[in-house]
Structure formats: structure tokens, C-alpha cells
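Enquirer: Residue numbers (numbering that gives the first Met the number 0), protein chains in the order written: chain A, 0 to 331; chain B, 0 to 331.
Simulated from the structure, these hints should not be mistaken for lab results.
Remember, predicted model here, so these are calculated numbers, not experimental data.
By construction, the Cβ of each residue, glycine as well, lies at the ideal position given by its N, Cα and C atoms.
Do not take every clue at face value.
[Said to hold, decoys possible] Label pairs and their computed distance ranges (CB to CB):
1. Gly-43(B) x Gln-154(A): 54 to 64 Å
2. Gly-43(B) x Gln-19(A): 13 to 23 Å
3. Lys-93(A) x Glu-231(B): 48 to 58 Å
4. Glu-231(A) x Glu-41(B): 32 to 42 Å
5. Gly-328(A) x Lys-291(B): 36 to 46 Å
6. Ser-14(A) x Gly-43(B): 34 to 44 Å
7. Asn-2(B) x Gly-328(A): 30 to 40 Å
8. Leu-1(A) x Asn-2(B): 16 to 26 Å
9. Pro-90(A) x Asn-2(B): 13 to 23 Å
10. Leu-296(A) x Glu-128(B): 53 to 63 Å
11. Gln-124(B) x Gln-19(A): 13 to 23 Å
[Stated by the list, open to error] With a cut-off of at most 16 Å between alpha-carbon atoms, the simulated EDC-like pairs for lysine to aspartate or glutamate come out as follows:
12. Lys-67(A) x Asp-69(B)
13. Lys-10(A) x Asp-282(B)
14. Lys-10(B) x Glu-73(A)
[Said to hold, decoys possible] Output of the computed footprint for chain A on chain B, the stretches with three or more beta carbons under 8 Å from beta carbons of chain A:
15. 27-35
16. 44-54
17. 72-83
18. 110-119
19. 161-174
20. 196-205
Protein chains: 2
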Amino acid sequence: MLNLNRLKKTKGRFSLINTQEAKVVDVINNSLIWGARNFLKEQGFIWVEVPTLTKITGACENVDTLYKQDHFGEKAYLAQTGQLYLEAKIPLHKKVWTIITSSRAEELADDRHLNQFQLIELERQGDLEALLKNTEGIIKSMLKEALKDNSETLQELERYDELQRWLAEPFPRITYTKAVGLLKEREINWGDDLTSKEEKYLISVYGNKPLFITHFPKKIKFFNMRQNDDDEEVVNSADLIMPYAGESVGAAERENNHERLVKRLQESQMFKILSSQGKTVDDFKDYLDLIKEKPILHSGCGIGFNRVSQSVLGVNDIRISTNFPLQRGVLY
Amino acid sequence: MLNLNRLKKTKGRFSLINTQEAKVVDVINNSLIWGARNFLKEQGFIWVEVPTLTKITGACENVDTLYKQDHFGEKAYLAQTGQLYLEAKIPLHKKVWTIITSSRAEELADDRHLNQFQLIELERQGDLEALLKNTEGIIKSMLKEALKDNSETLQELERYDELQRWLAEPFPRITYTKAVGLLKEREINWGDDLTSKEEKYLISVYGNKPLFITHFPKKIKFFNMRQNDDDEEVVNSADLIMPYAGESVGAAERENNHERLVKRLQESQMFKILSSQGKTVDDFKDYLDLIKEKPILHSGCGIGFNRVSQSVLGVNDIRISTNFPLQRGVLY
Numbered sequence: 000m001l002n003l004n005r006l007k008k009t010k011g012r013f014s015l016i017n018t019q020e021a022k023v024v025d026v027i028n029n030s031l032i033w034g035a036r037n038f039l040k041e042q043g044f045i046w047v048e049v050p051t052l053t054k055i056t057g058a059c060e061n062v063d064t065l066y067k068q069d070h071f072g073e074k075a076y077l078a079q080t081g082q083l084y085l086e087a088k089i090p091l092h093k094k095v096w097t098i099i100t101s102s103r104a105e106e107l108a109d110d111r112h113l114n115q116f117q118l119i120e121l122e123r124q125g126d127l128e129a130l131l132k133n134t135e136g137i138i139k140s141m142l143k144e145a146l147k148d149n150s151e152t153l154q155e156l157e158r159y160d161e162l163q164r165w166l167a168e169p170f171p172r173i174t175y176t177k178a179v180g181l182l183k184e185r186e187i188n189w190g191d192d193l194t195s196k197e198e199k200y201l202i203s204v205y206g207n208k209p210l211f212i213t214h215f216p217k218k219i220k221f222f223n224m225r226q227n228d229d230d231e232e233v234v235n236s237a238d239l240i241m242p243y244a245g246e247s248v249g250a251a252e253r254e255n256n257h258e259r260l261v262k263r264l265q266e267s268q269m270f271k272i273l274s275s276q277g278k279t280v281d282d283f284k285d286y287l288d289l290i291k292e293k294p295i296l297h298s299g300c301g302i303g304f305n306r307v308s309q310s311v312l313g314v315n316d317i318r319i320s321t322n323f324p325l326q327r328g329v330l331y
Numbered sequence: 000m001l002n003l004n005r006l007k008k009t010k011g012r013f014s015l016i017n018t019q020e021a022k023v024v025d026v027i028n029n030s031l032i033w034g035a036r037n038f039l040k041e042q043g044f045i046w047v048e049v050p051t052l053t054k055i056t057g058a059c060e061n062v063d064t065l066y067k068q069d070h071f072g073e074k075a076y077l078a079q080t081g082q083l084y085l086e087a088k089i090p091l092h093k094k095v096w097t098i099i100t101s102s103r104a105e106e107l108a109d110d111r112h113l114n115q116f117q118l119i120e121l122e123r124q125g126d127l128e129a130l131l132k133n134t135e136g137i138i139k140s141m142l143k144e145a146l147k148d149n150s151e152t153l154q155e156l157e158r159y160d161e162l163q164r165w166l167a168e169p170f171p172r173i174t175y176t177k178a179v180g181l182l183k184e185r186e187i188n189w190g191d192d193l194t195s196k197e198e199k200y201l202i203s204v205y206g207n208k209p210l211f212i213t214h215f216p217k218k219i220k221f222f223n224m225r226q227n228d229d230d231e232e233v234v235n236s237a238d239l240i241m242p243y244a245g246e247s248v249g250a251a252e253r254e255n256n257h258e259r260l261v262k263r264l265q266e267s268q269m270f271k272i273l274s275s276q277g278k279t280v281d282d283f284k285d286y287l288d289l290i291k292e293k294p295i296l297h298s299g300c301g302i303g304f305n306r307v308s309q310s311v312l313g314v315n316d317i318r319i320s321t322n323f324p325l326q327r328g329v330l331y
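Let's have the full structure, built from the sequences with the hints guiding it.
Expert: Next comes the structure, spelled out in C-alpha cells:
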């Protein structure tokens, strides 16, 4: 009888490395990554390598969770994302992707955050609608590959019918504003980020399957998410929240108006923290210059591989999704 | 007219990111990685994720080129290899692989070394002969995919016929001892490592194509390379040296005799350095325990993706093989 919960623990993890539970996770992860790769190839995305030891441009909004690194006397960071480097390749290829080990120095070791995880990132010419088609496509391709290769195992885990159900129809979509309306009794204010509890509630309202929440408030999202033409308080973005795992994909159009982009950077919460550390707009110069020279409308997303894996496995602890769950207090 | 040499430079690299030369490198790299992935899938290798922020067990023999990192008060390192973590999965899957961004703090910025590069690693149950079949197979699959997708470009670069020639026959193999005999006039002593100049000479003697050099002296190789049953001064290892790039793959049987393995670790050059830094055999305990419990004969290799790319492109500078060549004095 499989007991995936054995894999929650981080200490003494090597003693579990060759258990049947670990085998199940490995083979499902192998299928999931192949489902992603196959989709990206079919859709004409070009794989591009990106650096993971970077300037501040390897940070996403969570600049307070950067691992700092010395690079022969220069201040460097372990990349959280390869997004800006991928975006730089849009003019040449129109559709690009990469996969990195994303590093986040989250100090609190919990069931939702790993200090390192696999992050699949893609960028494409086009708007949010084109991107969401790809986002839903890649997730469904991952699920299909897992079902195809592991039907018996997924039956045993009582996940098979559930995953089939997720595939049957388009993922539902609601706006952030509508979500807040549904959550009112939970005392959320427009402009607050959603908690994982609130995500769970929304998923339960929308049929217990992956759910897109779109058009988040500009002020809580990354500086280069493109603002909506009709409502400049929101950005053309979407988070995909998945059962068990919560936020699993972050997706958005990228601001391609250079002037607005610089202004958004300067006004961002992230930049306030960076300024206090001596950083300036110049640290983003290479990226900003590229957008100035080639202001192509493009969109991209980052898929937290281990969150998807967690959701497919149907477990409440992300540590189960990997052999080497890195957290505070443990190293492998 | 394509001039790949434009891509040698590291400073101001963003201005080259959307050149036709960068496009050629990107699409060839995309084909190469697909060639590798397809081969590994066909041969039944399971992809497994490995950590890249690790204990000392993420080091290969070059412990003096480790990036040090603080992990909430614990000493950690940016992984050079995921080998030992992959080996831990052998009992479960027999054949496993991964791809990581390998980090090497080589201080000297030159045309042969990047501080970060893509490293494809595979481990399998079986001996060196079985492994070398896979090693040659994966490299040839990479070349074939590049030729299939980019025949015109490779014609233009005058690489097409050359790469076809490499595919036509098995890669030649010589022992290290024979190589040293051929190099005698160059004043090499048995036991010395080969210089890149010497590698180039050997390649010229063996038809200017990829060449396996096997059975290196034990004392200059990683502690867990398995010693030869008939000659205990050498290990059952092979380096694949490729035109233009030199050493591109390191392959070996892994020592599966626990007692001998511990002794080899303690006697290794690497361990001398580590001891002076306060490390002990205990830092390798998880790995050593696994070998003790499941002493399965297995073998593995690490493929320096950018070296293969450099060789396929036919260029003398590894910086040409990537959009973001990380070296001392530059960050992206």
C-alpha cells in the first residue's frame, strides 16, 4: 500500500530514496516533464539556455528571498527566474522556453515552499489570450502524458478519474475582481494578494479543478506585467491555481512601452527594496534597451513544476514532489 | 556572411543577442538538446531532478573551483555535478539522467572555460562497455538531430560533411597509456593529465574526429571511478575528446566495493584539500551508505553540452556556444 506521506520528511531523506513511493513520484515527474517538452516542441518553441548566477535581473518580485553570491568580487544572485533573458530572445525566435532550477531563500520551511525547484518558463510573441491557450495546453499535455504512462499507479492513488475530469473541459477563468467579490465575507480588500486558503475556497467554488484568475491589481504584480488598456489599475495577467498546490503558474503580457516600463519599474515595491540596497534603473539597462529597440507585444509564464507534480499526486505537501526537498535546516 | 567569431565577446553581449549568428547557435543548440533527450527516452532513461545548492557531495574533483554559498547558516556550494544524487537512484530505475547548470568558479576567463554551462548526466547499471555504447549513442543522436534540422546552415558553416563523417564509423578508442606513448616526444610522463594541446595532437593522429581515451591513471581521476581488475593503477574510465573543444565527456564505472571506495576517498587529492577545510568522510556518509547497502555495478558520464556545441559549430572559443557566457568580470 503506497503511503506518499512518508516523503514529507527532509531529514534522513536518503533512507527513502529507493522506496516504492519515491519510484511513483519519479516516474510521474518523468512523464510530466516529457508532456511539457513534447508540447513545446510541437508548438515550435525553441529551447534557450539562461544563466542562473545573475545580476539583479534574475530576481522576480521576491527580492527579499534572493540567495546572494560573490562572483569574483561582484555581487551576484542565484536566479529565481530566467524570464528577462528569455524575453531578450523573442525578436529572434517568436517562441522560446527554458527550464531552470529556481532558487528562493524562503526562510520558513513549510509544506508549500522549497528553496529550490524546477521552473519551466516560456515566452511568446502575442497577447495574454494566445499565452493562456499555451499555458492550458502545456498543463494538459503534462497531465495526459502522466495518465498515458501511469494509468495503474494513478488508479491506485485514486487520482486517475480526477485528472481525466480536469482534461475534459477548458479550465474555468475568473477575474481577480470577481474572486474578491466571492471572498468578501473572508475580509479581503481589493488589492490584497490571495492567501492559499482563499485559493482553495475559489477552487472549491469552481468545480475543484485548475482555475485561472486573471487581471490582478498592478501594484501587487511584477513591474513588467502589461497594464490593461481599459483599466489601468489591473494588468493583463493570470495565475493558474491548482487543487492541492494553489498558485502553480504565473502568466502575463509584458509591458512593451519603454517609457511606461521604466516608470513601472521605478514605482514598484521591488524597486523600493532594491534602491535601499544601492541598485538603480541602470541595473536593468540591458533589458530596458531591448524593449526600447524592439517593442514587440509578447507574453510569458513560469510553471512551478513541483506544484504541478504535487497537484497531480494529490498531496498537501510539496516536499513529496521531489527526492531532495531543499529547506532551511537541511542540505543534500 | 555568418561570422560566429563575433560571439566571442562577453562585455556588451546583449547587443549581439538578436544577431543572425546568435540565431544559428540557438537553433543548433535546440537540435542538439533534442537529440540528447530523444536518445535518453528511447533508451529508457528516467529523468530525475537533482539539487544544485548542495553539500560538498555536489563537487567533482575540482574542489578549488566551488562557488561557496550560505544556506541559512550552513556551508553550501553551487553544484558542479549531480552525479552522486543520480547514482542514488540506480537501484530503483537502473537508468537515470538529468541536466543541470553546472557552476565552476574558474578564475581565469579563457576560451575553454565558462563559469556556468549545461551539463547532461546519465548513470546506468552495467559496465564501462555498456556506458560507452550509450555515450557514443547520445553524441551521435545529438549530431544527427543537428544535421537533420539545420542542413543548410551547417553547409554554410562548412560543417555538414565533417559531421556526417563523424557519424559514419564508430569513434576510435585508445588507452591513456597508448596515448602517452604517442606523445612521448612532447615530454609527458605517465600519470600526468593531458593538456588541450596534447588532446588536439591525438585527435589529429586519429582522423580528426571524436576520440575516446580510456583507462586513465587512478590518481588523477575522481575518487569513485572504479579501478581496473587487472591493473589497479588505472580506472575503468573514458574521456571523449572532440575536435575544437577537447574533453567533452567524462565517463567511468563507479566503485561499488564499499571498503575500497572509502579508502579511495581518503587517499584522494580532493580529500586532502577538503580535510584542510575541516571536511571528513562523514560528509559523504549518505552516498557511501547507499553503495554499502546496494553495491550494484553501474557507470555514468557527464556531457559538457557547450563543449559539444562548440565542436559541432567548429569554433575555437566556447563563449560562442551560448548567449550568456559567464566568466570573471562579467555578469548578465
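Enquirer: For each hint, tell me whether it holds in the structure or not.
Expert: Hints, one by one, checked against the model:
no., hint, result
1, Gly-43(B) x Gln-154(A): 54 to 64 Å, "violated, 23 Å"
2, Gly-43(B) x Gln-19(A): 13 to 23 Å, "holds, 19 Å"
3, Lys-93(A) x Glu-231(B): 48 to 58 Å, "holds, 57 Å"
4, Glu-231(A) x Glu-41(B): 32 to 42 Å, "violated, 52 Å"
5, Gly-328(A) x Lys-291(B): 36 to 46 Å, "violated, 26 Å"
6, Ser-14(A) x Gly-43(B): 34 to 44 Å, "violated, 26 Å"
7, Asn-2(B) x Gly-328(A): 30 to 40 Å, "violated, 52 Å"
8, Leu-1(A) x Asn-2(B): 16 to 26 Å, "violated, 57 Å"
9, Pro-90(A) x Asn-2(B): 13 to 23 Å, "holds, 20 Å"
10, Leu-296(A) x Glu-128(B): 53 to 63 Å, "holds, 54 Å"
11, Gln-124(B) x Gln-19(A): 13 to 23 Å, "holds, 18 Å"
12, Lys-67(A) x Asp-69(B), "holds, 8 Å"
13, Lys-10(A) x Asp-282(B), "holds, 15 Å"
14, Lys-10(B) x Glu-73(A), "holds, 15 Å"
15, 27-35, "holds (count 4)"
16, 44-54, "holds (count 10)"
17, 72-83, "holds (count 3)"
18, 110-119, "holds (count 3)"
19, 161-174, "violated (count 0)"
20, 196-205, "violated (count 0)"
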